[in-house]
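Novice: The chain contents come next:
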Amino acid sequence: MTVPLPAHRPNLLGFLPVWQRNFLVWRKLALPSILGNLADPLIYMLGLGYGLGAMLPSIDGQPYVAFLAAGTVCASTMNAATFEALYSAFSRMHVQKTWDAILNTPLGLADVVAGELFWAATKSLFSGAAILIVITGMGLTNGPLALWALPAIVLTGLAFAALGLIWNALAPSYDFFMYYFTLFITPMTLISGVFFPTDQLPGWLAAVGQWLPLAQGVALIRPLLAGQVPADALIHIMALLATTAVAFAIALRLTRRRLLK
Amino acid sequence: MAALDVRDLRKTYGDQTVVAGLSFAVEPGTCFGLLGPNGAGKTTTLRLCLGLTGPDSGSIELNGCAIPADGQQARARVGVVPQFDNLDPDFTCAENLLVFGRYFGLKDADIKGRIPQLLDFAGLASKADARIATLSGGMKRRLTLARALVNDPDIVFLDEPTTGLDPQARHLIWDRLKQLKAAGKTLILTTHFMDEAERLCDTLIVIDHGRKITEGSPRELIAEHIEPQVIEVFDELRGQLAPFVEAHRSLAERVETSGETAFFYCRAPQPLLAKLAEVDGLRYVHRASNLEDVFIKLTGRELRD
Numbered sequence: 001m002t003v004p005l006p007a008h009r010p011n012l013l014g015f016l017p018v019w020q021r022n023f024l025v026w027r028k029l030a031l032p033s034i035l036g037n038l039a040d041p042l043i044y045m046l047g048l049g050y051g052l053g054a055m056l057p058s059i060d061g062q063p064y065v066a067f068l069a070a071g072t073v074c075a076s077t078m079n080a081a082t083f084e085a086l087y088s089a090f091s092r093m094h095v096q097k098t099w100d101a102i103l104n105t106p107l108g109l110a111d112v113v114a115g116e117l118f119w120a121a122t123k124s125l126f127s128g129a130a131i132l133i134v135i136t137g138m139g140l141t142n143g144p145l146a147l148w149a150l151p152a153i154v155l156t157g158l159a160f161a162a163l164g165l166i167w168n169a170l171a172p173s174y175d176f177f178m179y180y181f182t183l184f185i186t187p188m189t190l191i192s193g194v195f196f197p198t199d200q201l202p203g204w205l206a207a208v209g210q211w212l213p214l215a216q217g218v219a220l221i222r223p224l225l226a227g228q229v230p231a232d233a234l235i236h237i238m239a240l241l242a243t244t245a246v247a248f249a250i251a252l253r254l255t256r257r258r259l260l261k
Numbered sequence: 262m263a264a265l266d267v268r269d270l271r272k273t274y275g276d277q278t279v280v281a282g283l284s285f286a287v288e289p290g291t292c293f294g295l296l297g298p299n300g301a302g303k304t305t306t307l308r309l310c311l312g313l314t315g316p317d318s319g320s321i322e323l324n325g326c327a328i329p330a331d332g333q334q335a336r337a338r339v340g341v342v343p344q345f346d347n348l349d350p351d352f353t354c355a356e357n358l359l360v361f362g363r364y365f366g367l368k369d370a371d372i373k374g375r376i377p378q379l380l381d382f383a384g385l386a387s388k389a390d391a392r393i394a395t396l397s398g399g400m401k402r403r404l405t406l407a408r409a410l411v412n413d414p415d416i417v418f419l420d421e422p423t424t425g426l427d428p429q430a431r432h433l434i435w436d437r438l439k440q441l442k443a444a445g446k447t448l449i450l451t452t453h454f455m456d457e458a459e460r461l462c463d464t465l466i467v468i469d470h471g472r473k474i475t476e477g478s479p480r481e482l483i484a485e486h487i488e489p490q491v492i493e494v495f496d497e498l499r500g501q502l503a504p505f506v507e508a509h510r511s512l513a514e515r516v517e518t519s520g521e522t523a524f525f526y527c528r529a530p531q532p533l534l535a536k537l538a539e540v541d542g543l544r545y546v547h548r549a550s551n552l553e554d555v556f557i558k559l560t561g562r563e564l565r566d
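In order, the protein sequence lines correspond to chains A and B.
Each step along the first sequence adds one to the number in my numbering, with nothing skipped, and position 94 is 94.
For any residue, its number in my numbering is found by taking its place in the second sequence, counting from 1, and adding 261.
Quick caveat, the hints were computed from the structure, so don't treat them as lab data.
Just so it is clear, the structure is predicted and the values come from calculations on it, not from any experiment.
Glycine included, C-beta positions come from ideal geometry on N, C-alpha and C.
Hints may contain errors.
[To be verified] Ranges between beta-carbon positions, derived for each pair: (1) A/Leu35 with B/Arg565: 48 to 58 Å; (2) A/Ala242 with B/Gly300: 37 to 47 Å; (3) B/Asp436 with A/Ala242: 49 to 59 Å.
[What the hints assert, rightly or not] Facing chain A, according to a computed beta carbon distance under 10 Å, are these residues of chain B, among others: (4) Gln334; (5) Ala337; (6) Asn347; (7) Glu356; (8) Leu359; (9) Arg408.
Sequences and hints are given; from them, build the entire structure.
Specialist: Following this line, the structure appears as structure tokens:
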């Protein structure tokens, strides 16, 4: 019987120095990082939106490119949080042993994992907001309600950060993350209404899709960008918060088993 | 009150017992050595003492705090130099210290006030804005030591602080560790280098298979466990050594053979030295016995991988 490590002393701001550390690293590389995060989704959005969109009818009264622009904000938010919680967090945890160094200080693992959670959500906000600015400049959003997409981006980013940290805790190497993308992220992107409305899907698949966290983000962000109040907003907000809370608890437990055994 | 008091500590992983009933105490302001071959349980013992893993049984008190229960509180007054450098490669030397100080809840202004002094201590005063990738191995070790001091700790844990360093770099680290001890800090050190332990440690324990084999000051251990003189005899021509050992075994209190080398441990070396002078093809070194001889006697000569 091993004596369990004590629960971490509750310290609401314990995550802050960990977040600050990551922010300081990011600040050194901010411009290339933002441009890199912008270029890829924008190229897809413009190519598909105007090229493919020219052949498509409008969707719910929107041109296809505006429909896709909202989907791109959501997918980029998801991708930014996911990359940060997988590859970058894994580098700090496993390769650079930054987490080990922090654990020798009064901070605990809960502070470290929470710092990574909030940092990954911050990265997703940078990424989502950058695209939001570009598409607003292109006239693809409608009215000031679009600003409410920013908190929705944060909620979506938190959920995917927490989910990514679960996979991070289990990963033996970087190669392991490919499975997360092929088995989870890519299929989810296709059935959550990023590229096309989910009513194009077989009924059962659309039913599965609407429970996924990306679909919750899409359901909030797309109406906001179109200048409408989202239907069932509270349900989607609660779903994203619940995903974050449950996934974070699992990620923390798994990371504890990995690092503090 | 001891700086660190460990009693009957046990830790198993699966069916492997890593720490098997270890007890020791470290007096404040002294340098304490935790010695043992690879896999003896040194690093696990350090992790247990820092509250980074829970023991199966036993008690630990670090700086007056029960571990692991009050680990966070204890770690606020402790510095750690880990076995492998985990400096932040994206930061400069000064930024590494600043970011690390924040983990202790220190204010930026306070940390920035301490940085010049810490860099100076580490001999890195001119490297404040240098990136980690541009530092030599010795500089990185010194910066890691400076980082461990950012919170002005009472106790500093050092896990193999000079492994992989050249002699100049090792001597500089030793010098700094002596300064820390002179300033009243308690040092808790693991090492494979017996000369390092002999120079730095006031008290040390040797552990193997998670158990304490012996405890004492370096001088006490040498006096207690081993003859004061050693003559190492090397076979240059091959085939000469075995007959020589057979013929002159009685001139030493104890003889050990390892490969092409024989170790004669003795109190009176003159008769053996006289015999060696008569033989061609055998080279020898005559020296005072040291902690390494004690270590090898206690833990054996076979490799631990």
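Novice: Would you mind marking each hint as holding or not holding in the structure?
Specialist: Hint check results:
| no. | hint | verdict |
| --- | --- | --- |
| 1 | A/Leu35 with B/Arg565: 48 to 58 Å | holds (52 Å) |
| 2 | A/Ala242 with B/Gly300: 37 to 47 Å | holds (45 Å) |
| 3 | B/Asp436 with A/Ala242: 49 to 59 Å | holds (57 Å) |
| 4 | Gln334 | holds (7 Å) |
| 5 | Ala337 | holds (5 Å) |
| 6 | Asn347 | holds (4 Å) |
| 7 | Glu356 | holds (7 Å) |
| 8 | Leu359 | holds (9 Å) |
| 9 | Arg408 | holds (8 Å) |
Violation of the numbered hints given earlier is absent; every hint is satisfied by the structure.
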